[in-house]
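Asks: Sequences listed follow chains A and B, in order. Taking our numbering, the leading residue of the first sequence gets 109, the next gets one more, and so forth. Taking our numbering, the leading residue of the second sequence gets 143, the next gets one more, and so forth.
Heads up, a few of these hints could be off.
No more than 25 Å apart at the CA atoms, straight line, and that leaves these computed lysine to any residue pairs for SDA-like [claimed, not checked]: (1) B:Lys188 / B:Lys533; (2) A:Lys288 / B:Trp497; (3) A:Lys290 / B:Trp539; (4) A:Lys128 / B:Tyr426; (5) B:Lys642 / A:Ala292.
Not the full set, but computed from the structure, chain B residues with beta-carbon under 7 Å of chain A [stated by the list, open to error]: (6) Glu424; (7) Pro442; (8) Glu477; (9) Asn645; (10) Ser648.
By construction, these hints were calculated from the structure, which means they are not laboratory data. Remember, it's a predicted structure, so these values are computed and weren't measured experimentally. Heads up, the beta-carbon is just placed ideally off N, CA and C, and yes, glycines get one too.
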Amino acid sequence: MEKIILFLTVLCCALTSCTKEKTDYEAEIDTIVPERSGFKEVTQFQSGAYTIRIDALGGNLYKGYNKVHVKISGQGQAPVSAATLLPIRNGGTAQAHSCPHSYQLTYNAGQGYFEGYMVFTEASDPLSQWDLHIGYTADQPYRVVQQVPVQEQDNKNLGMTSFTDRDGAQYILALIAPQKPKVAENELVAGLYRFDTPTAGATAPFPDPAQFSYSEVQGYTILLDPRMPEPSMGNHSSPNNKDLLHGADNLYHGVVNYTMTGNWTLNLILHNQQGDLVRGTVVPDDFTPGVVGVKSELHIDILF
Amino acid sequence: MRRIALVIPVLIASYGLRAQDRTLQSDTTTVLQEVKVKAKAKKKIKTDLKLAVSVDEFLASSQSISFIKRGAYAWEPMLNNMSSERSAVTIDGMHIFGACTDKMDPVTSYVETNNLSTVDIKSGQEGSLHGSTIAGSIDLQRENTAFGLDKKVGGNYQTGFEFNNKQFFNLAALSYSGQKFAADGSISFRQAENYYDGNNKEVKHSQFNKFNSSVGLSFKTGERSALRVDAIYDKAKDVGFPALPMDLWLSRALITSASYKQLFEDGIIQLWDTKIYYNAIEHYMDDTTRPENLVHMDMPGWSTTYGLLSKIALQRDSYRSEIQLNAYDNLSIAEMRMYPQDRSNRTMFAYSWPWVTTRFASLSNTNSWDLSDRSHVVLGGSLGVNYNYSKYAEFNWIFHPGAPQEKTRILPGLHASYHIDIAPFTLSAGAGYGHRAPSISEAYGYYIYNSFDRYDYIGNPNLGNEVSYETNASVGYQTGRMGIQAKVNYFYIQDYIVGKILNMGSPMNYQSVGVKGYTALDHANIFNLALSAHYDILTHLHWKGSLTYARATDGSGGNLPFIRPISYQTGLQYMYKRLGIQTSLQGDAAQRDYSPEYGEDKTAAYQIWNASADYTLPARKVNMTLQVGAENILNAYYSTYADWGNIPRMGRNIFTSLKINF
Ligand SMILES: [Cu+2]
Numbered sequence: 109m110e111k112i113i114l115f116l117t118v119l120c121c122a123l124t125s126c127t128k129e130k131t132d133y134e135a136e137i138d139t140i141v142p143e144r145s146g147f148k149e150v151t152q153f154q155s156g157a158y159t160i161r162i163d164a165l166g167g168n169l170y171k172g173y174n175k176v177h178v179k180i181s182g183q184g185q186a187p188v189s190a191a192t193l194l195p196i197r198n199g200g201t202a203q204a205h206s207c208p209h210s211y212q213l214t215y216n217a218g219q220g221y222f223e224g225y226m227v228f229t230e231a232s233d234p235l236s237q238w239d240l241h242i243g244y245t246a247d248q249p250y251r252v253v254q255q256v257p258v259q260e261q262d263n264k265n266l267g268m269t270s271f272t273d274r275d276g277a278q279y280i281l282a283l284i285a286p287q288k289p290k291v292a293e294n295e296l297v298a299g300l301y302r303f304d305t306p307t308a309g310a311t312a313p314f315p316d317p318a319q320f321s322y323s324e325v326q327g328y329t330i331l332l333d334p335r336m337p338e339p340s341m342g343n344h345s346s347p348n349n350k351d352l353l354h355g356a357d358n359l360y361h362g363v364v365n366y367t368m369t370g371n372w373t374l375n376l377i378l379h380n381q382q383g384d385l386v387r388g389t390v391v392p393d394d395f396t397p398g399v400v401g402v403k404s405e406l407h408i409d410i411l412f
Numbered sequence: 143m144r145r146i147a148l149v150i151p152v153l154i155a156s157y158g159l160r161a162q163d164r165t166l167q168s169d170t171t172t173v174l175q176e177v178k179v180k181a182k183a184k185k186k187i188k189t190d191l192k193l194a195v196s197v198d199e200f201l202a203s204s205q206s207i208s209f210i211k212r213g214a215y216a217w218e219p220m221l222n223n224m225s226s227e228r229s230a231v232t233i234d235g236m237h238i239f240g241a242c243t244d245k246m247d248p249v250t251s252y253v254e255t256n257n258l259s260t261v262d263i264k265s266g267q268e269g270s271l272h273g274s275t276i277a278g279s280i281d282l283q284r285e286n287t288a289f290g291l292d293k294k295v296g297g298n299y300q301t302g303f304e305f306n307n308k309q310f311f312n313l314a315a316l317s318y319s320g321q322k323f324a325a326d327g328s329i330s331f332r333q334a335e336n337y338y339d340g341n342n343k344e345v346k347h348s349q350f351n352k353f354n355s356s357v358g359l360s361f362k363t364g365e366r367s368a369l370r371v372d373a374i375y376d377k378a379k380d381v382g383f384p385a386l387p388m389d390l391w392l393s394r395a396l397i398t399s400a401s402y403k404q405l406f407e408d409g410i411i412q413l414w415d416t417k418i419y420y421n422a423i424e425h426y427m428d429d430t431t432r433p434e435n436l437v438h439m440d441m442p443g444w445s446t447t448y449g450l451l452s453k454i455a456l457q458r459d460s461y462r463s464e465i466q467l468n469a470y471d472n473l474s475i476a477e478m479r480m481y482p483q484d485r486s487n488r489t490m491f492a493y494s495w496p497w498v499t500t501r502f503a504s505l506s507n508t509n510s511w512d513l514s515d516r517s518h519v520v521l522g523g524s525l526g527v528n529y530n531y532s533k534y535a536e537f538n539w540i541f542h543p544g545a546p547q548e549k550t551r552i553l554p555g556l557h558a559s560y561h562i563d564i565a566p567f568t569l570s571a572g573a574g575y576g577h578r579a580p581s582i583s584e585a586y587g588y589y590i591y592n593s594f595d596r597y598d599y600i601g602n603p604n605l606g607n608e609v610s611y612e613t614n615a616s617v618g619y620q621t622g623r624m625g626i627q628a629k630v631n632y633f634y635i636q637d638y639i640v641g642k643i644l645n646m647g648s649p650m651n652y653q654s655v656g657v658k659g660y661t662a663l664d665h666a667n668i669f670n671l672a673l674s675a676h677y678d679i680l681t682h683l684h685w686k687g688s689l690t691y692a693r694a695t696d697g698s699g700g701n702l703p704f705i706r707p708i709s710y711q712t713g714l715q716y717m718y719k720r721l722g723i724q725t726s727l728q729g730d731a732a733q734r735d736y737s738p739e740y741g742e743d744k745t746a747a748y749q750i751w752n753a754s755a756d757y758t759l760p761a762r763k764v765n766m767t768l769q770v771g772a773e774n775i776l777n778a779y780y781s782t783y784a785d786w787g788n789i790p791r792m793g794r795n796i797f798t799s800l801k802i803n804f
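Chain B extracted, bound-state conformation:
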């Protein structure tokens, strides 16, 4: 098994997500399990503190992920302190693009914890397997039950109530494993009202309602081949975004795929897995709940993606390789209709995404050689072609006369790393180089209002590729009772895309103070450091701690926005028979290096204390766990550096949950 684990660089695999422990749960292994008909219990998606978490809460437990929060729902994940357009976020390798110009719907908002088996986070160019990236990749991997397990039917049910925002959730999942047929299904409901901050003040427009369901069916088509169809349907309705001037009325996603896997017994080729996929997202914002708004606007958005993914895994002796072909076609449309004060007058219309098509194809390859029992080398690369077409390019020509209506870019990527294991130390060092194409908003966006710095943003079709040079290293020390790990990475990013004030045009959205155009800085530097340690004080008493530090500057020494200040977390976990007790303290230091230029102000330090207790009921066939806990026990009033518009975070929150596995 260790050999397989090495296929995916260990450095990244251990990035701090517990459930992701050894990316062994990756497709390759799952399929190998199918052959060997050996079931392996998967680590459940949970955090140290909470057994029943949302996808966002789960991701937040990773050291490399931070979040921009616009409310209680659909947080925008930032990988290595870089915003979501710099990372490749996929579901089982499938590309999905949110339909919201205001980033209300990151890809992570379209899944639910009970249909995920693991989340695979890769830093930097190691994440280029699924497509071009700068910051890395986040692959949300779904439950995928193998054929012929001893346990034919399995399932779990989670329910819970969180007192602060009266969040009530019900999540259920069922799986079936037969000799010729296997199936996974899940259904979930979450409903929450407004939350209260640390001053017991209601944060208006922070409610949410989410429904998610998924189904996956596998058919064994031969001794070593299988066909699988998957679908996820997600619906969020009446979701408040307290930090934005409007809320979400409805967002729906349908994510479907069909894949065919073929395993090979002899020869260098181990596996060939091909998948076609289709997903459609619709997103409708609503400002009628905000009477303070001077202007009523309709801002619907649609995003449709077709794609193909084909992967071959090779192995011979100490050499392993993965070759992946990615291709997709996305059409993103966003409209903006403003209503005059006198409704009998004509409405005003424009496209904020003027029917932008993106076509992308890439071939990527990762190779791993064992140099000895203790060391191995990983070498990989990808070459992508990115094509954009703006159907109503006349919108783009208003600010960029004569800009091309279509543009093709070549996006190369390379990475290499060396890993060595000299007990009790593990060491690794790596480097990478990669390009990314500007996002739809960056290249073709039109008057997209950013309520953080209160500017209307204009895309620039002439933008070049963003080019990243990165290095990374890690050191780990592990003995029987304790472990400590340090990871650093540094990105030098050429032509880093940001918004700069344009001294032409005038705002369109009435809250706006001016117009910014996307442009490229000469370069930017981003440095991330993550330390983590654990120590087993007693057999049943464990300590864990972590610290992160990041620093990012533009070429002229100014600070970049949304860079996490020093953050820390320390926690104790005690287990006694069926009882578990855990407590943690977490916080950020004051934000010293904030960026007024990008609308940031200095955010004060904060510290919150959490605790929970769980008890597993003695039962034979079913495994039933009850949990009670509280987050922010001292009801601290705080907001973090990445809370949009400085909206306060949740105050004291008492949570309860019941989890049944069978």
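The following block holds chain A by itself, in its conformation from the complex:
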């Protein structure tokens, strides 16, 4: 009898092992979305008696939105009271230009570093690179330039797009969150910036910040219509999304629902404070299997 029961137990174990393995859902998203946890060093260099260290998420700068920590310290030197940051792209055929950035860095006393951001519009390439022009004030003002590598964005959920409105003003829209979307409701955060076209020629030696200024656009509305462009998905969309509205942190906040993993497009329509259309087109909402989804003229692609 014991033998029979033993035999049955062994048989049960053999039969209950599944033919196909279940999907490891957590790993499913990890394979395509790089994990960038924690601020790590991008570069560190000397400026006279001071050491400047720039940290970013994962230790790299990417095309798109980058939050940075800038730590300026010198043994026995006067404390740094203020710092500025100006990224300039040099080389290539284009003339020197910048990208959205926080020129005046804010000091985080608790952590002992300055905080700011840069929204790189291109990655570095052999012909043109990004220089960071850093100015800081201790016992006297100092200036220093450091070239930094900017990599192509490998997270397909932190895309950006640039466009111009009817008056020729140049805008940049960059996704900030979610870094790692889920098949769920996702808090969607984006930064919207406009190039401040200089009204006069340079008055200061290069680089004159007034020639390279961007401002955070306030009070606009970004209408959101997420869809799956893959032909087999037939222009599939999701419910309960919320348009992006300007928040107290000068960023735009909304909600995007992804109903499954894969390729998505955030179709956007930008309206200004008066509710006038700035950019973007309405996309069809009918279900069209086998047809590649039409995208708004203002859109950002997603993949997770």
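Start from chain A and add chain B with the ligand according to the hints.
Replies: Same frame as chain A, but now just chain B with the ligand:
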């Protein structure tokens, strides 16, 4: 014996299944037989027309069961015209949950006729003994050979061929009965190709292959106690579902249990039977056989259940009672992976059942008092607790933001009935009240494509319980040569769960036309009437006839879907020595009260004529029966109200079978 029969309400026991004749074959009796060491030949599972049937064909011979058919295999049983989530379908009281979001694998698809002894069908709240229900319960009871029978070794073998779909089957069962040890074993193979409809047109993707085997071992552990272990292994491979956009590649079930029975001689307690069980199901669909599909999808599903069942039977004088504890834990998982047209692109993934756990426990009780020799009263109730947990609740939150990840419900049930026997009349009347929890798909399903109305269905975790109020009555008249019976029941169901079009979201499955969300109607009404009669024209010539009528509406007067139109069956049976001849005519009237809202169109009336003849060979030790017959002799082209996507039913089918009992 009559007293025992009364334990289970007669009204239900006589519901039309011949093999189930007097639910005497219930556990209680089987065990009592063990004590008395008296063997009683069991009625075999067969229909009037066919000696060798499938489980589905057998169930179809019950008046209270109708089927939603998606092909030739694994029909979804509807009890009292209600879909399978409203009834409790169990195997020896064990709960099993299919692993298919498209209902390709009802519980009834995991057994085979040669390992069943009987099917116990109870209507409405009388079925709440095994767990909460609205429509009733279907308990598939397995062969269970008693100890110490005179005949130590028994067995049967059935083989046959059905010409329409070239179905070839081989079923064998063996039993052993010793003083201390008893065993049952069975093995079966069925293989069928595509069937042909009444226009002799091949219905593509209607083939099936099924393997089923079971083993049960009983050990006598004492004078009045026994231990039994049981296992069923079922494998269906390459099964076509012509009404669905995909087929089944493989479905496997392992159903195991161990039970301990203790009988008591003196005192009010008669029997205590406790069982623990485990079953695991895996289900893998396949759409690679359908080149017309634009999108390739993988849709695997898994369902694992652990459970406990403990039953005590009490008796004192004219009072009998059964108390049963049920508990189970089920985990259901279903995945959906879509492949892009350019296969180098990333696949798309979602859960259609996001790892949903269901835990259920209930205590139920049925009591019967004999008021006199001719009348008795049945009173029963159950109280259940149902707990659900969705592991990846973020899927549910897309359509139902903020819905709770876990939910606990209380599911009460009550029923009462009165039965009286004033020869030649038998009368009964009863009432019931009960709750059920929404099914996994109804509460947590996510983009489950329904190819009937072509909508993607979204579950709603906020759904409340469905609450049923029912009444039923029956009248029977029986003389020596004839009998007639009428049964009616009426259900008023509050918060009846249906799918309604959502004006948000958009389809995910490419054949889909929109998204429906499960929601509760204020109420629904379901009325069922079943008439049956028999008459012995001559000693060896018998007539039988039956008629059913049902009507079901939602609160606002609209029709509910899948309600059987008027259906009838009339048959003659003639026996001469070893020869038996039977013929029957059956059909449905036109479906007058169909529901366009739920994707139904009007189904025309149909009528089919069947006949068969069997001959039992003169042999001493073995009993050998040969049968030849034909279903749908006139090769009518038809489809019924419950044929998914209006797929045509089988045309003329000539069947042959050989059955050997020893
Ligand atoms: Cu399936």
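Asks: Of the hints stated earlier, which fail here?
Replies: Violated hints: 1, 9; rest satisfied.
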